[in-house]
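Q: Its first residue numbered 1, the sequence shown is counted upward by one per residue in full-length UniProt numbering.
A couple of the hints might just be wrong.
Said to hold, decoys possible - Label-pair restraints from in silico Cβ distances:
#, residue 1, residue 2, range
1, 11, 33, 13 to 21 angstroms
2, 44, 24, 28 to 36 angstroms
3, 23, 43, 24 to 32 angstroms
4, 22, 43, 28 to 36 angstroms
5, 17, 40, 14 to 22 angstroms
Hints were generated in silico from the structure; no laboratory data involved. Glycine is no exception: its CB is placed at the ideal position from the N, C-alpha and C atoms.
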Amino acid sequence: MLQIFVGQYVVILPLIKKIFWSAGIHPTLWMRPSLKLFNVIVRMG
Numbered sequence: 001m002l003q004i005f006v007g008q009y010v011v012i013l014p015l016i017k018k019i020f021w022s023a024g025i026h027p028t029l030w031m032r033p034s035l036k037l038f039n040v041i042v043r044m045g
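Turn these sequences into a full structure, and let the hints guide you.
A: Quick look at the structure:
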């Protein structure tokens, strides 16, 4: 379950980054909260 989520996260992350860049939003604004969330999920797993 966790491995599937991590796999999806790794695949989806570049897509999200591309969308944010094209929208003109700097990735650092959302990278920190998403990394925090990712760390919490990894610890729970």
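Q: Now, for every hint given, state plainly whether the structure supports it.
A: Okay, the hints, checked on the actual structure:
no., hint, verdict
1, 11 / 33: 13 to 21 angstroms, "holds (19 angstroms)"
2, 44 / 24: 28 to 36 angstroms, "holds (34 angstroms)"
3, 23 / 43: 24 to 32 angstroms, "holds (31 angstroms)"
4, 22 / 43: 28 to 36 angstroms, "holds (32 angstroms)"
5, 17 / 40: 14 to 22 angstroms, "holds (21 angstroms)"
The structure meets every hint from the earlier list without exception.
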